[in-house]
Amino acid sequence: MKNTILGSIYLALASSIWGGMYVVVKIVVSVIPPLELVWIRFLVAIVALLVIGLITRQKWRIDKRHFLIIIAIGIIGNAISIVTQETGTMLSSAQMGAIITSSTPAFMVIFARLLLKERLTLKKGLSVCLATIGVFLIVGVGHVNLSSKLGGISLLIAALTWALMSVLVKRVPSNYSQIVVTTYSILVALIVLTPFVLPRLYAINISQLTHPTIWGGVLYLGIISTACGFLLWNRGLQMLNASSGGLFFFFQPVVGTLLGWLILGENIGVTFWIGSILILTGVLFVIIEKK
Numbered sequence: 001m002k003n004t005i006l007g008s009i010y011l012a013l014a015s016s017i018w019g020g021m022y023v024v025v026k027i028v029v030s031v032i033p034p035l036e037l038v039w040i041r042f043l044v045a046i047v048a049l050l051v052i053g054l055i056t057r058q059k060w061r062i063d064k065r066h067f068l069i070i071i072a073i074g075i076i077g078n079a080i081s082i083v084t085q086e087t088g089t090m091l092s093s094a095q096m097g098a099i100i101t102s103s104t105p106a107f108m109v110i111f112a113r114l115l116l117k118e119r120l121t122l123k124k125g126l127s128v129c130l131a132t133i134g135v136f137l138i139v140g141v142g143h144v145n146l147s148s149k150l151g152g153i154s155l156l157i158a159a160l161t162w163a164l165m166s167v168l169v170k171r172v173p174s175n176y177s178q179i180v181v182t183t184y185s186i187l188v189a190l191i192v193l194t195p196f197v198l199p200r201l202y203a204i205n206i207s208q209l210t211h212p213t214i215w216g217g218v219l220y221l222g223i224i225s226t227a228c229g230f231l232l233w234n235r236g237l238q239m240l241n242a243s244s245g246g247l248f249f250f251f252q253p254v255v256g257t258l259l260g261w262l263i264l265g266e267n268i269g270v271t272f273w274i275g276s277i278l279i280l281t282g283v284l285f286v287i288i289e290k291k
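Reading the sequence shown from the start, the letters are residues 1 to 291 in the numbering used here.
Read the hints as simulated data drawn from the structure, not as lab findings. A virtual CB, placed ideally from N, CA and C, is assigned to each residue, including glycine. Take the hints with a grain of salt, since some may be wrong.
Derived DSS-like pairs (lysine-lysine); straight-line CA-CA distance at most 30 Å [what the hints assert, rightly or not]:
{"hint": "1", "residue 1": "Lys170", "residue 2": "Lys64"}
{"hint": "2", "residue 1": "Lys123", "residue 2": "Lys64"}
{"hint": "3", "residue 1": "Lys149", "residue 2": "Lys64"}
{"hint": "4", "residue 1": "Lys149", "residue 2": "Lys123"}
{"hint": "5", "residue 1": "Lys149", "residue 2": "Lys59"}
{"hint": "6", "residue 1": "Lys117", "residue 2": "Lys64"}
Between beta-carbon pairs, the in silico distance windows are [unchecked claim]:
{"hint": "7", "residue 1": "Arg235", "residue 2": "Leu54", "range": "16 to 22 Å"}
{"hint": "8", "residue 1": "His66", "residue 2": "Leu150", "range": "32 to 38 Å"}
{"hint": "9", "residue 1": "Arg200", "residue 2": "Thr56", "range": "32 to 38 Å"}
{"hint": "10", "residue 1": "Asp63", "residue 2": "Ile27", "range": "40 to 46 Å"}
{"hint": "11", "residue 1": "Ile71", "residue 2": "Thr121", "range": "18 to 24 Å"}
{"hint": "12", "residue 1": "Trp273", "residue 2": "His66", "range": "38 to 44 Å"}
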């Protein structure tokens, strides 16, 4: 019972942190463009993870045969997914960012079938359909401007690539520390993004970076959202089964939407909620699916 309570707290905290992440991104990208923000965020996260890894005396050795998987995880999940996620949030809203990317568990069903040969049941297929309809309902509503539609498409790419990355993670042996795997995958993304980011750093207004809201947001994204969020989530899943743990993913869109409304003054329309309900229903079908 103690493990269940602790695991629930860890998972709820991690998902709530990620829900708040969209509001922070929406504020910080007004000063730091998405690509540069991801790079700085990962730089901060690497330092935090290395400190945690050294304190906990992690074993950093990785077998050569698993390098390609970790490189793929870094490029697909930490580079492409996070860049499109923050770009989509900049172009649309914190609400849309939180809701569309919450469709990730449903999209994982497709990749699990293709890469891991997991059985695709009628319920799983229905969940993907509901999530897809929900996404396109949010992206394609008539009153949404072109920027928000492009943002929605970018967020959809983020959800798909994060789902693919999440399935690839299952190919990494479980005896490796999550701290080590996360550190190496983020390092890969940092290396990949560096040639694109360095020529653009000069354009950032340094004086604006000194504002507490901006540098505080960067620290939140790097240390709290990236480093601590991942570790809390992985630790929580060790204490609960995957089906129960997945339920806590719902904290992300709820927190993201509420904070977007409270802090950014974003409107919550009827169509948005219909699409959200379809997505969350689809994700719930995946979580309660009996194997």
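Evaluated hints:
Taking the CA atoms of Lys170 and Lys64, the gap is about 17 Å. The hint holds against a cut of 30 Å. For the hint linking Lys123 to Lys64, the alpha-carbon distance of about 38 Å lies beyond 30 Å, and the restraint is violated. Distance hint between Lys149 and Lys64 is unfulfilled; the C-alpha atoms sit about 42 Å from each other, more than 30 Å. Of the pairs offered as hints, the one joining Lys149 and Lys123 holds, with about 29 Å between alpha carbons and a cut-off of 30 Å not exceeded.
About 45 Å separates the Cα atoms of Lys149 and Lys59, which puts this hinted pair outside 30 Å; it is violated. Pair hint Lys117 plus Lys64 holds up; C-alpha atoms about 25 Å apart against a cutoff of 30 Å. A hinted range of 16 to 22 Å for the beta carbons of Arg235 and Leu54 is consistent with their spacing of about 18 Å. The supplied range of 32 to 38 Å is met by His66 and Leu150, whose beta-carbon atoms lie about 36 Å from each other.
For Arg200 and Thr56, the Cβ-Cβ distance of about 35 Å falls inside the hinted range of 32 to 38 Å, so the restraint holds. Separation of Asp63 from Ile27 is about 41 Å and conforms to the stated range, judged on CB atoms against 40 to 46 Å. Here the CB-CB span from Ile71 to Thr121 is close to 32 Å, at odds with the stated 18 to 24 Å. For the hinted restraint 38 to 44 Å between Trp273 and His66, the CB-CB distance of approximately 43 Å keeps it satisfied.
In this structure, the hints that do not hold are numbers 2, 3, 5 and 11, in rising order.
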